[in-house]
Structures are given as structure tokens and as C-alpha cells.
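Colleague: In case you want the letters, here they are:
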Amino acid sequence: MQRFDLQAEGLRALNAALQAQADQTNETAWEVTNPRGAHAIAAGLDAPIAVTVQGSAGYYCAGMNQQATVHVDGNAGPGVAENMMSGTVIVEGDASQYAGASGHGGLLVVRGNASSRCGISMKGIDIVVQGNVGHMSAFMAQKGALVVCGDAGDALGDSIYEARLYVRGSVKSLGADCVEKEMRAEHHAQLAELLRRAGIDADPGQFRRYGSARRLYHFDIDNAY
Amino acid sequence: MDDQHNPRTVPAYSATFTPAVMAEIRRAAATGIYDIRGGGAKRRVPHFDDLVMLGASMSRYPLEGYRERCDTNVTLGTRFAKRPVELAIPITIAGMSFGALSAQAKEALGRGASAAGTSTTTGDGGMTPEERGQSKTLVYQYLPSRYGMTPDDLRKADAIEVVVGQGAKPGGGGMLLGQKISPRVAEMRDLPEGIDQRSACRHPDWTGPDDLEIKILELREITGWEKPIYVKVGGARPYFDTTLAVKAGADVVVLDGMQGGTAATQEVFIEHVGQPTLACIPEAVRALQDQGLHRAVQLVVSGGIRTGADVAKALALGADAVSIGTAAMVALGDNDPKWEEEYRQMGTTAGAYDDWQEGRDPAGISTQDPALAARLDPVEGGRRLRNYLKVLTLECQTLARACGKSHVLHLEPEDLAALTLEAAAMAKVPLAGTDWWPGKPGTGG
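Here the protein sequences come in this chain order: A and B.
Start counting the first sequence at 35; every next residue gets the next number (this note's numbering).
Start counting the second sequence at 1390; every next residue gets the next number (this note's numbering).
These aren't lab readings, by the way, just hints derived from the structure by calculation.
Think of the CB as a built atom: it goes at the ideal place given N, C-alpha and C, for glycine as much as any other residue.
Please note: incorrect hints may appear among the correct ones.
On the chain A side, residues computed to face chain B include the following (Cβ under 10 Å) [stated by the list, open to error]: (1) G113; (2) A135; (3) G187; (4) E196.
In silico contact screen, one side only, chain B against chain A (beta carbon under 7 Å); selected entries [as the list claims (entries may be wrong)]: (5) R1535; (6) I1584; (7) D1585; (8) L1606; (9) E1607; (10) E1610; (11) I1611.
Start from the sequences, fold in the hints, and give me the full structure.
Modeller: Structure representation (C-alpha cells):
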């Protein structure tokens, strides 16, 4: 286990050390102490390492992550795991706005609540939120899945493309072109697998699925706004 | 006298309801959808043509044309980046996407720019191997849509341009209509094939300059603080936009005036939002000067640059470099009269073709149709672009030497006069024959 005191050694030294790890590194376990809400902690990683942040992180923690597992033992600020390509990011507390924004792959798990715009512009990432998500979540979501074990705020899935949304609780309102869809066997299977990977014991049968009505895919008089 | 022999009133078109305006009303009434097109503002606005350069005379000493040294190199990104971008000429190629343009066109831009010693820029939709392979210096655009955005490509770039806006549509997002969403474009953007695609007008994970400062920190952390970070803004509020971009940590500000082009957006946006390039430059320069960072943070200006005279005038107003998009497309062959028959079949004519969103470009540039795209030879296109960049550079040097400058960046506002009151007011240089411009400090007006 490599220990890194962020206050003592600084952000640049931390990220340079983590980013220098190669695929075959033996130093696979890292612990970051004293994060104190610093921004861009563990951003740009690209190796199969496990990083635990002992406390809360600021903006863009684990931004653009590839391969690594980043565990935030606290809350995460805006844009946690933004544009993640692969790997896993777990937030034990709450996540602020834009969690998992534009992520292409990997798994983001938020054990608490996620704020507004969770999964905005997502492009293949899977996101599992144990609590609630705020308004405009999954805005323009293109690919991947967003699982919400609690409730969703206003305008869920506005202008959504092909991402799949699963919500167990209430949805305050659906955004433009987002509709409820049938839960078929393939969706139950996908949801069960995502819940399993997130370590959440929940019955997929309690969830409803939402996705694109595909009415905005072509400009015409009815959607030219 | 009967009615037949009475003098008749000559039919008169309204200056307000012109035939073009009425045709557009009829088109709107018939279709119910706004007009979408490519390019930049077509209306006449004050521009570099409204300025003249003064040259040397008794009070100034010129340099000998073609003989005496007049350097053109420029370095971008000297503020924070470990590896600033070194260019041989102060003219770069603006961001244009693969998707909007064919792969052949992108390759040609890379070839031409590299041969001329300058940079080219990606666009919405990510970086293609052809473009990276043929571009010695490649600027990677970081856009609201994040289509095709990967950290690997970010690290392959020589500089990163955070796009906040563009001159054709400050405050608006992009469009790419279904005809151009080919399987390859769809895959790169993670979108279904053939849909009419929108690009967001705002970044998904930051909302203002304070956030942008943190975003830039993240980008620098991910790329080891090596690459210059540009921030591109549309010509809306150039003083404040430049000030805030600098505050957020930009190494370079890219400022795109309303004549700057786009692949596709609403006509109403192109013609009615944003300010002329000429009006934007002095305000951006003032913002840099007020922070003591003029020349320390470089200013790249785009939007209607066509000639070496435009380049020289933009530099004289305080820009460190210019960027070209539409002119580069024309150099490759866009709107060439040799395709006139095909333009006419589409209801337009060479020189006026702007339906780039339809993907039917006979010149093979703004298209994803394999047969049309194959018409553009990337090697020949690259040669034409290099030639054009060479001419722009020689023309700019000619004017700089005439003004007695041994480097094109030594040009200054004092080398300029304005031919119109509007241009004088916008450029803040004297109206020709006077020492005055509207709003000149100390003149009461």
C-alpha cells in the first residue's frame, strides 16, 4: 500500500505518481490522505490500480479514468468520473452535479445521492446511484445505463438518445422525448448485473425503465425548438 | 388619353420586404422550419477592407521587399504550458470537424498546414488518425458535446482548445444533419446513424469562469502541464469574455467574429448574433492590456480572414495570430466554378453554395458521401492550401516591410487608418485624414 498525504506533497506530485503507473505495476494499492476537497484528484489515470481517497474530493475526481478503481471515502464534488473510459469509481457519500458526465465506459457507483445532471451526455458509462438524482439527469444521454435506486428529479432524460434509465422510486417529470418503456427480460438481466456489480441488494422487478421515444431524431416542424 | 398611354409608376421593390425576404417568408410558410446553412455572416459589416495601412514615408523607414528580414514565426502558449506551440507563420487552420468535412478534406488541411509550418485543429467529433498523422502540430478541440473525446487523443494533441463559443453562433450549439452521420461518424460520436445531431451549447460539467478555472486545472493535470490551453470564444462581449478566459487560466484566447463560419446552424443565428471581427479585436486587446498580459497571453483572431492584408491588419490591431476556416475550404476547392453545373442542379451557384449541412458538396469537402469525397485528392488539396498560406504570408510580410517592421508582430495600430467612421470607431484607429476616431479618449466623443 502506497500512502500519499495530499496536503504535504501536493496535487501534481500525486497525479504524476499515479499516472506513471504502468499496466504491469506492482504498486497497485494507493491511499490518499488529507484530500480536503482538492480538485482533480486521481485524474487521468490509466493503469489497473486501486486508489482510495480518505475523505471528500472536489471537482473532477477520477476525471477521464481508464482502468483504475478509485474509491472516495467521503463526498465528491462536481464532475466525479467525468468522461470516464473504463475502470470503476465508487463514492461512499454524495456526489455533486454532473457525476459521470460524458463518460464513455466503466462503472460509477454513488452510495448516497447524486445532484443535478447526473449522467449528462453519457456515452457508454454505467452509473448506479443508491439514493436520488437531481434535475436534468441523463440530459442528452447517448449510451450506457443510469440506475437510480431512489427518486429522480425534474426533466429526467431530456433529449435522450439510446441510453437506458432505470428508476426504482418516483420520477418528478420526464424531459423532452423521454418516455417510460417496457421492462423486458434483457433489461431485467442488465439491471440485475449492474446492481450486483455495484454491490446493491435490490429487486430489479421494482424498477421502471425510461428511454428515448426517438421523436427528436429528425428536425421537422414539431421539434424545431 | 386612355389608360394604356398614361405614364405608369415603375414597379418598386421594398427595401424592407426585398424579393429575398419575401422568398424566405414563403419558404418558411411552406415548410414550417427555419433555414439552416453553413458558412458565416454574408451581410456587409465593417471589416478589414475598411482599414488601410499607412506604410513608410518621410517619418518612417521601410524595409526592402524580398531582401530584408521580416520574420513571421509566432509562439503560442507561453504563459503556463511547458511546451508552447511554435509556428512558422501567424496563420493557423481553425477547428472544423470530421463529420462536417470529409476525411480527405481533413487530411488535406493537415498536409497543407504542416507544409506551411502551422497548426491545424480538430473539431466536434474527435480526432481522426488521418488528421493526426498528417498534422505536424494539431490543436485538439474540447467541446460541449465531447463527441469522441478521449484522454488518449488529448495526450496526442499539441495544444487543447476549450471551445466556449464560435463567431457564427455565440451561445448556440452545433448541428450535423442526418445525411452526414455516416457509420464512421456515428461510431466516433456514439450516436445512431442517420439522425439529425445536435451538439450542446454548454459544456456538460462546468458552467462559468470559476468552474472553467478548475476544468483547465484538470486538463493540465491529465496532460502533465505540457500543452497550451486555448479558450475559444465567439465575438459576443469580447472585453469580458477575454478577461474571464484569462482569469480562468487560458494560455491563448481564440476570438471568432461573426463572419466566422460553421458547418451548419440557423441562418438567423449566423446573421444576427455576434459582433464583427473588426469590432472584437481592440476590445480583446484592451482586456489583455488591462491585465498586463497582452502578448503574454496570445490572441488568435478569426472570422473573415481572406488575404495577407487582413492578416497584417489583424496583427496591427494587436492579435498574435489569425485563424482561417472558410478561406482554407475555398483554397481546397469549395465553391469552385468548375462544379457550376452541379451547383445549379442544387438551385445555387458557385460562390453562393452554403448548404454544407446537406452533405452534397460537389467539391468533396463538406460531405460524407464516399463518391463525392473521393473527388478531393488530399495531396493536391494540401499543396493548394500550402500555396495559399504562402501567399497570405508573403502579402503580410510585404505590408509589414512597407511599414518598416522586421517582424510581422511589430505591426501596431499606429500603422492603420480607417476609411469609414464605423471602422474608425470599431478599430479605434483614426479616420483617414484625421487624428480622431469616435470615442477617442480626451476628445469628448
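Colleague: A separate judgement is required for each hint: does it hold in the structure or not?
Modeller: Each hint, compared with the structure:
With its C-beta approaching chain B no nearer than about 4 Å, G113(A) sits inside the 10 Å limit, and its interface hint holds. Checking A135(A) against chain B by beta carbon gives a least distance of about 4 Å; that is within 10 Å, so the hint holds. For G187(A), the shortest C-beta to C-beta distance to chain B is roughly 17 Å, which exceeds 10 Å, and the interface hint is violated. About 6 Å separates the beta-carbon of E196(A) from the nearest beta-carbon of chain B, less than 10 Å, and the hint is met.
With its C-beta approaching chain A no nearer than about 4 Å, R1535(B) sits inside the 7 Å limit, and its interface hint holds. For I1584(B), the shortest C-beta to C-beta distance to chain A is roughly 4 Å, which falls under 7 Å, so the interface hint holds. A hinted interface residue such as D1585(B) counts as satisfied when its beta carbon comes closer than 7 Å to some beta carbon of chain A; here the least separation is about 5 Å, so the hint holds. Checking L1606(B) against chain A: minimum C-beta separation of about 6 Å stays under 7 Å; hint holds.
Interface restraint check: E1607(B) against chain A, minimum CB-CB distance 4 Å, threshold 7 Å, status holds. The interface hint given for E1610(B) holds, since its Cβ lies 5 Å from the closest Cβ of chain A, which is under the 7 Å cut-off. Hint on I1611(B) holds. Least Cβ distance to chain A is approximately 3 Å, under the 7 Å limit.
Hint 3 from the earlier list is the only one contradicted by this structure; the remaining hints agree with it.
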